[in-house]
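Visitor: Chain by chain, the residues run as shown.
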Amino acid sequence: MDDLIIAGEKFTSRLIMGTGGAPSLEVLDQALVASGTELTTVAMRRLDPAARGSVLDVLRRRDIKVLPNTAGCFTAGDAVLTARLAREALGTDWVKLEVISDERTLLPDPIETFDAAERLVADGFVVLPYIGDDPALARRLEQAGCAAVMPLGAPIGSGLGIRNPHNIELIVEAASVPVILDAGIGTASDAALAMELGCDAVLLATAVTRAQRPDLMATAMRGAVQAGRLARLAGRIPRRRYAEASSPMTP
Amino acid sequence: MEAYDARESGRTGLRGRLHGPSTAIHLIRIMPAKGARMEVIVGGGIVGLTIAWRLSRAGRAVTVVDPAPGTGATHAAAGMLAPVSEVTYTEEPLLRLGLASLGRWPSFAAELAADAGLDTPAVEAGRGVDLRTDGTLDVAFGADDLAALDELAAFMAKLGLPVERLTGRECRRLEPMLAPSVRGGLLAAGDAWVDPRRVAAALLTALERRGVPLVRARVTALLREGEGEGGAVRGVLLDRAPGELRADGVVLAAGAWSAELADVEVRPVKGQIIRLRSPEPLLSRCVRGTVHGAYVYLVPRGDGELVVGATQEELGFDTRVTAGGLYELLRDARELVPGVTELEVADVVAGLRPGTPDNVPYIGPSGTPGLTLATGHHRGGVLLAPLTAAILLGEEPELAALCAPSRPRAGARVEALEEMG
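Residue numbers (this note's numbering), protein chains in the order written: chain A, 1 to 251; chain B, 1 to 421.
Do not take every clue at face value.
A few chain B positions that, by computed beta-carbon distances, are all more than 10 Å from chain A [to be verified]:
(1) Arg-37
(2) Arg-57
(3) Arg-60
(4) Leu-174
(5) Ala-179
(6) Gly-190
(7) Arg-218
(8) Thr-220
(9) Arg-240
(10) Arg-277
(11) Arg-334
(12) Pro-338
(13) Glu-342
(14) Ala-401
Only some residues are given here: those of chain B computed to face chain A with a beta carbon under 8 Å [stated by the list, open to error]:
(15) Tyr-89
(16) Thr-90
(17) Asp-318
(18) Pro-357
It is worth saying that the hints were derived from the structure and are not from the lab. By construction, the Cβ of each residue, glycine as well, lies at the ideal position given by its N, Cα and C atoms.
Input sequences plus hints: build the corresponding full structure.
Guide: Following this line, the structure appears as structure tokens:
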């Protein structure tokens, strides 16, 4: 399959994983391996990068690139500070920018996110912002120099799937940076749909880590992302109101 | 090197026994009779002290080493003995261990109370080690939390666990101080809880009464036979006099610090916990709940204390109590029981749970001659302490396999899936 390229870096897998919600590190480890992911996001708050035996050790052992995120930040100021601490601690310029507006919905705050994105780009970061499914904001963030945009399918952890596929298509149409569907994936068909809509990758965590069998669900997601990508490349047939015989009716 | 003197650090009853003008006296006390087997237990938390007490009762010669026994994770722990209400997907082995240990607790507490000379019934609110067997009520608020609770109930039913699904009003009939917005709950009537601080104090007293030596020093390394890391373990090196202890066997029960002494995959998992105090108990059983996805529990003590816990943070050996940690605990606790905000704050502390990759402890032979592991109990040290000692005494061969340090890593299953995919 074709590679995913973000900021000049190549990935064979188009499934980006999150690490939250797993009952144990071993279960997380199994799920990551089963998912085939090459890029995984880690919340930098409540994590000491120097501590032994943490989730970072799991990623290093599996040779998975770490994408630090700013989960838990409510202001651009918090997010910029967290990104800088992550860069210092992990030696990576990459950051998944996440500035949330309230604890109930965990929806991204567009104004704080844009503000932080501008400042982080200026500071030399490779910025991947988590945003609502807003085509206008996605375009503005791309213009501001973000390396990708990450619209949500539905709120974090909700498993509601892609609530507004039309907007995701609009974002994909306009974008010249990768579009990564982030948040809301509940099961494999959601991930496949994201790829069929033209997203370049899918980021998910809860759908796998809180499944009854995380390793099985990770395997399912891996297959779904591949299938969705192939379907997108193959090009779907037009929808028709009436049947069209697949074998010729006349010789 | 700092001179070792039990008088300096005596917070426990061993003071009298170890009291003496010179360290020589201590050396005499802790040296075993010639020919007798002597074992050193590294770590005086609830796990290490329990092992020492049970081994001593079984006629074995043991010495406990800890610079400050009972002040680590044991001091922070809420003491929930709740294997049923804490069950989660992928953790059935932990459930089996927990149920077995829960079954041991009543007799364990009674024997401990007797050995420690606590002339009170062991199972009564506020007395003995404050063991309570009134169950855990797991409550839900929002519709999402309720759906999660129903899913959990289905999982528990599949496992054959005895839980009762209650309506919101039934929950409030059991616990009138619960917020009116409670939508439903699960009652795990068999779950229990205990005061870990009382247990540790009772264990120290029981050990003192049995004449088990306690050396208040930090173990800096294991004494190895021959060169290098792989040699048989024959004792421990200490950070102060007597400098070292030679032994026929060493049991590593050093909790979150275990990985500093041996090659064992144990990491610290920080937990912040609050102790509130009320003149009248607000609750009559353990209440836990999910509030908009966040998780909190409240544990009532017989003396009016109400424990609110606990965060889970991967921050290495950091034990700072933070504003954010306390805020989240109190925010969620108030959603469950609005009355908590009226209570006095008695204590806030952060402890370090010893976490393993699969959340199951390492109990049994380490693979290195002379070294036995009893560590990595994560959130279950208090619950699993009686079982841990029983396993080391060979009483539970079947369960021992589940937590043997040599158990296979779960990687095999993934590789099988890989081939499928």
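Visitor: Let me know if the C-beta of Asp-318/B comes in closer than 8 Å to any C-beta of chain A, holds or violated.
Guide: Holds: closest Cβ of chain A sits about 7 Å from Asp-318/B, inside 8 Å.
Visitor: For Arg-334/B, is the shortest beta carbon distance to chain A beyond 10 Å?
Guide: 14 Å, holds
Visitor: Using Cβ atoms and 10 Å as the threshold, tell me whether Arg-218/B really stays out of contact range of chain A.
Guide: 19 Å, holds
Visitor: Test the statement that Arg-60/B is away from the interface with chain A: the closest C-beta pair must be farther apart than 10 Å.
Guide: 32 Å, holds
Visitor: Does Tyr-89/B pass the interface hint, meaning its C-beta sits closer than 8 Å to a C-beta of chain A?
Guide: Status holds, d = 5 Å.
Visitor: So is Arg-277/B really clear of chain A, every C-beta pair being over 10 Å apart?
Guide: Its Cβ never comes within 10 Å of chain A, the nearest being 28 Å, so this holds.
Visitor: Verify this label for me: Gly-190/B is non-interface relative to chain A, using a Cβ-Cβ cutoff of 10 Å.
Guide: 22 Å, holds
Visitor: In terms of Cβ atoms, is chain A entirely out of 10 Å range of Arg-240/B?
Guide: Given that every Cβ of chain A is farther than 10 Å from that of Arg-240/B, nearest at about 26 Å, it holds.
Visitor: Could you check that no beta carbon of chain A comes within 10 Å of the beta carbon of Thr-220/B?
Guide: At roughly 18 Å from the nearest Cβ of chain A, Thr-220/B sits farther out than 10 Å, so the non-interface label holds.
Visitor: Any Cβ of chain A at or closer than 10 Å to Ala-401/B, or is the non-interface label fine?
Guide: Correct as stated: the minimum Cβ-Cβ distance to chain A is 17 Å, above 10 Å.
Visitor: Are all beta-carbon distances from Ala-179/B to chain A longer than 10 Å?
Guide: Consistent with the label, Ala-179/B stays out of reach of chain A, its closest Cβ about 17 Å off (over 10 Å).
Visitor: Just to be careful: measuring from the Cβ of Thr-90/B to every Cβ in chain A, is the smallest value less than 8 Å?
Guide: Thr-90/B check passes; min Cβ-Cβ to chain A is 5 Å, inside 8 Å.
Comparing the model with each numbered hint stated earlier shows that all of them hold.
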